[in-house]
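Residue numbers (my numbering), protein chains in the order written: chain C, 1 to 194; chain Y, 1 to 428.
Simulated from the structure, these hints should not be mistaken for lab results.
Just so you know, not all the hints are guaranteed correct.
What the hints assert, rightly or not - Once the Cα atoms are required to be at most 16 angstroms apart in a straight line, the calculated EDC-like pairs of lysine to aspartate or glutamate come out as:
#1 C:151 - Y:269
#2 C:36 - Y:64
#3 Y:12 - C:148
#4 C:176 - Y:17
#5 Y:12 - Y:52
#6 C:36 - C:14
#7 Y:312 - Y:331
#8 Y:35 - C:58
#9 Y:12 - Y:61
#10 C:65 - C:48
#11 Y:312 - Y:363
#12 C:36 - Y:60
#13 C:151 - Y:19
#14 Y:12 - C:154
#15 C:176 - Y:43
#16 C:151 - C:186
#17 C:36 - Y:61
#18 C:176 - C:148
#19 C:36 - Y:43
#20 C:36 - Y:39
#21 Y:320 - Y:308
Note that this is a predicted model, so its numbers are computed, not measured.
Here's the letter readout for the chains.
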Amino acid sequence: MSEADRQSKLADAELVGGVRSGSAAAFDELVERHRKRLYRLAFAMTQDHDMADDLSQEAFVQAFKQIRQLKNPESFGPWLRKILVNLCARRAVAKPHVPLMESDLVEAEAPDTPHAAAERGIVRRSVRDAVSELEPTERAVVLLYYMEGLKQAEIADVLGCPVGTVWSRLSSARTKLRGRLAGLMDVAEDCGGL
Amino acid sequence: MTCSEVFDLIPKYCNGELDEEVRRQVEEHLAECPKCRTEVGREELMQRLIAEESSEDPPDEYWEDYRTRLRSRLRGATGILWRMGCLPGCLMGLIGSVLVFVLMRHSPHPPSVFALAIGVVIIGAAMGLLMRRVGKRALQRLQTDELSLRRLIFSNRSYRFAVRVAHFLFLLLVGGVLGAYMFSAFLTDRLPPAVSYGGAAAILIVYTIAAFSRLRSSELIPNLTAQNRQSPLWKRLVAAALVLPFLGCLAWNRSIAAAVNPPLKISMEADKAYERGDRASAISMLQSCIQRYGKSPRVLMCYKDLGDIYGKMGNKAEAKKVYRDGVRAYERLIAYPTFHYNFRDRRMLLENAAGLYHKVGQDQRAREALRTMLELAPKNAENVYFTAEHYAEMGDKEEAKRLYTVVILKFPGSMWAQFARSDLRRMR
């Protein structure tokens, strides 16, 4: 069995132990396991490929440098996300908002038609615009809650703030998103889903 | 449950965060309330939209060289070569500086601690740069990289321990001891002793804790709470709490030095002008210095020099007037707070006051000033020597001889002892 195969069978905690002992294969396996998810979160936070690439790699670098400070090796994933969220917060970018026109919304048709593809693009654009318009702290909460599926207590640990703060940011963000996506959701309900 | 209560709980309901009892109550309400059911539907839709549409995967080609790019970034981030040079460099610089200081302290021109501290930093930085340059080439020749070197070092227990010991010594000696000394002796010598020594003690304590933490584990800063350590705001506050007072002390010291130091330089320039024969310039310089730096403890030097110039010109009345003005200036200066005077300021104040009192015929007061001057630093050879010199100028040869003898007996190898011997021979 190759070193890579052996590493792929170990849990995150064991891999962290391997990295602390100087194992490059262990670190490579951790990167392999978490890189896609980390990239998706970074892209959702920044809506920019280059920045997502830079931030996700920087998060791995920081994790490597600070690996000995990780108290619970089994929570490497949440800890890595915490590093990424902090990096994103430091490099918060306000993307310019281009309002979506009512006339851009079209009726839903079969998914494999050009109209459906265009509609999907509009949906994607409106969701991303709505999310990127949020305050960086609200955006982080929304993405960790809806995209990553974390519980509020877990989000509080990632962001380093009280659970009550997470809830109030989530409520505020939901109100804004509901307002921003109201038209889209009305169309979705009328057409039986997107 | 009311619609308002259920509405607030909808996100938790959709995310499965409600406990059994509350969930049951919400479902009972939903069974009877179409409006809330619609809201749940919209919440689930929004959840799906955000989960599926707010992000995307890059093309597959993106991942092909991901590992290479990451390793390249890591290589730049490790900095192990720099540390391998810098740490031993600073420690060697420190040991060398201490040896130089001990061996040369009695020589005619002993090096100052400030210069030696700068030497430590320069040697450390130079060795760090050298190791980085040479080390990179060596690693290339060996077809390896910093990352592999780091792995090699940290996979070996003895190496890891040696690195920790080096960090420990660096933090304790260079950061703690040297940093505390530099802070109290040079950067805050014009602040009240409580601030100066308190700040030095704080530096020593912080670096000692950091040193022992480094020895015990890999943490450089004691872990207050895991939550706080990751917060950028906390780090900013700590950095501000450490850096701002430090910068404040530096700014204070510099501003006081700007207000206090100039009379010495001006007095020396006036001396040169007088020796050139340009008495008018000398007098003008000293008069404007007195006017501008009237609150400086070193201004008494200008009074004394100005009076001496008038005396040499034969204008004894004017000379006496200047000496009396100098005495009044001294009495005014000591009436105000003097905590911002450093050792040199106090010594110059007292030795010039003694000279001025002697010139106006108040020898008792002059002796009191010289006694106070001696008490400032009785174990400092330079201070004792200059006190003896002023006693000799006043005509008190007995006291002058006694103090010259003290310098010779207590500081035998120093240049002050040599000066004291030749002055004693002259007096005999």
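Consistency of the hints with the structure:
no., hint, in the structure
1, C:151 - Y:269, "violated, 76 angstroms"
2, C:36 - Y:64, "holds, 13 angstroms"
3, Y:12 - C:148, "holds, 14 angstroms"
4, C:176 - Y:17, "violated, 22 angstroms"
5, Y:12 - Y:52, "violated, 19 angstroms"
6, C:36 - C:14, "violated, 21 angstroms"
7, Y:312 - Y:331, "violated, 26 angstroms"
8, Y:35 - C:58, "violated, 46 angstroms"
9, Y:12 - Y:61, "violated, 39 angstroms"
10, C:65 - C:48, "violated, 25 angstroms"
11, Y:312 - Y:363, "violated, 22 angstroms"
12, C:36 - Y:60, "holds, 11 angstroms"
13, C:151 - Y:19, "holds, 13 angstroms"
14, Y:12 - C:154, "holds, 13 angstroms"
15, C:176 - Y:43, "holds, 13 angstroms"
16, C:151 - C:186, "violated, 28 angstroms"
17, C:36 - Y:61, "holds, 13 angstroms"
18, C:176 - C:148, "violated, 20 angstroms"
19, C:36 - Y:43, "violated, 26 angstroms"
20, C:36 - Y:39, "violated, 32 angstroms"
21, Y:320 - Y:308, "holds, 9 angstroms"
Violated hints for the displayed structure, listed by number in ascending order: 1, 4, 5, 6, 7, 8, 9, 10, 11, 16, 18, 19 and 20.
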